[in-house]
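So in our numbering the end of the sequence shown lands on 260, straight run, no missing numbers.
It cannot be assumed that every hint is accurate.
As the list claims (entries may be wrong) - Simulated crosslink set (SDA-like; lysine to any residue; CA at most 20 Å straight-line):
| id | residue 1 | residue 2 |
| --- | --- | --- |
| 1 | Lys-185 | Gln-223 |
| 2 | Lys-211 | Ala-243 |
| 3 | Lys-247 | Leu-212 |
| 4 | Lys-217 | Gly-240 |
| 5 | Lys-184 | Gln-232 |
| 6 | Lys-247 | Asp-216 |
| 7 | Lys-211 | Tyr-221 |
| 8 | Lys-211 | Val-193 |
| 9 | Lys-222 | Pro-205 |
| 10 | Lys-233 | Glu-248 |
| 11 | Lys-184 | Glu-169 |
| 12 | Lys-185 | Gly-204 |
| 13 | Lys-185 | Pro-238 |
| 14 | Lys-219 | Pro-238 |
| 15 | Lys-219 | Leu-207 |
| 16 | Lys-184 | Ser-241 |
| 17 | Lys-217 | Ser-246 |
| 18 | Lys-222 | Met-210 |
| 19 | Lys-177 | Lys-233 |
| 20 | Lys-177 | His-192 |
| 21 | Lys-219 | Gly-201 |
| 22 | Lys-217 | Lys-184 |
| 23 | Lys-217 | Thr-202 |
| 24 | Lys-185 | Gly-201 |
| 25 | Lys-217 | Pro-238 |
| 26 | Lys-211 | Leu-260 |
| 27 | Lys-222 | Pro-238 |
| 28 | Lys-233 | Cys-191 |
To be verified - Computed beta-carbon distance windows for the label pairs:
| id | residue 1 | residue 2 | range |
| --- | --- | --- | --- |
| 29 | Met-209 | Lys-229 | 15 to 25 Å |
| 30 | Glu-169 | Lys-233 | 28 to 38 Å |
| 31 | Arg-171 | Gln-232 | 30 to 40 Å |
It should be emphasised that the hints constitute simulated quantities derived from the structure, not laboratory data.
The C-beta atom is built at its ideal place from N, Cα and C for all residues, glycine as well.
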Amino acid sequence: MGLFIGTGIPVLWAESRAVEAGKVLTFDRKKGNCLSCHVIAGGTLMGTTGPPLMMMKLRFPDKEKLYKQVFDARKRNQKTIMPPFGSHAILSKEEVGAVVEYLYTL
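Based on the sequences and whatever the hints tell you, model everything.
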């Protein structure tokens, strides 16, 4: 287990907090609302417009690419129907980061 430089906060503790926050955002119908388009294990009333959110480390081995996809999917596919969560300030940069940390556990 490492520490954030100069803070003494264990990295695993901080990562687990980010994962939990990301899960809350992902399932929140008023914020991330990922369930409206995606199937996610443990979700209810899920959509099927987007791909199921599973095996994310295999699909996005580069976490930064996943971050960019959630932040603004239009950069990769101009015709996407996925909302630009970061670019339109639906989620903050920190919230997008937390969502990505959670997605990486799927």
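The hints, checked one at a time:
1. Lys-185 with Gln-223: 17 Å, holds
2. Lys-211 with Ala-243: 25 Å, violated
3. Lys-247 with Leu-212: Not OK: Lys-247 and Leu-212 at ~23 Å, beyond 20 Å, violated.
4. Lys-217 with Gly-240: 16 Å, holds
5. Lys-184 with Gln-232: 24 Å, violated
6. Lys-247 with Asp-216: Cα-Cα ~17 Å, so holds.
7. Lys-211 with Tyr-221: At roughly 12 Å apart (the allowed maximum being 20 Å), Tyr-221 and Lys-211 satisfy the hint.
8. Lys-211 with Val-193: 16 Å, holds
9. Lys-222 with Pro-205: 17 Å, holds
10. Lys-233 with Glu-248: It is violated: about 26 Å lies between the C-alpha atoms, which goes past 20 Å.
11. Lys-184 with Glu-169: 24 Å, violated
12. Lys-185 with Gly-204: 17 Å, holds
13. Lys-185 with Pro-238: Holds - the C-alpha atoms of Pro-238 and Lys-185 are around 12 Å apart, at most 20 Å.
14. Lys-219 with Pro-238: Measuring from Cα to Cα gives roughly 14 Å; hence the hint holds.
15. Lys-219 with Leu-207: 15 Å, holds
16. Lys-184 with Ser-241: 17 Å, holds
17. Lys-217 with Ser-246: 17 Å, holds
18. Lys-222 with Met-210: With Cα atoms ~14 Å apart, Lys-222 and Met-210 stay inside 20 Å; holds.
19. Lys-177 with Lys-233: 27 Å, violated
20. Lys-177 with His-192: Given pair Lys-177, His-192 holds - Cα atoms ~14 Å apart, limit 20 Å.
21. Lys-219 with Gly-201: 23 Å, violated
22. Lys-217 with Lys-184: Violated, at about 25 Å.
23. Lys-217 with Thr-202: 23 Å, violated
24. Lys-185 with Gly-201: 16 Å, holds
25. Lys-217 with Pro-238: Within the cut-off at roughly 17 Å; holds.
26. Lys-211 with Leu-260: 8 Å, holds
27. Lys-222 with Pro-238: 10 Å, holds
28. Lys-233 with Cys-191: The given pair, whose Cα atoms are some 16 Å apart, holds under the 20 Å limit.
29. Met-209 with Lys-229: 15 to 25 Å: Holds, at about 22 Å.
30. Glu-169 with Lys-233: 28 to 38 Å: For Glu-169 and Lys-233 the Cβ distance comes to about 34 Å; the hint holds.
31. Arg-171 with Gln-232: 30 to 40 Å: 35 Å, holds
Checked against the numbered hints given earlier, the structure breaks hints 2, 3, 5, 10, 11, 19, 21, 22 and 23 and satisfies all the rest.
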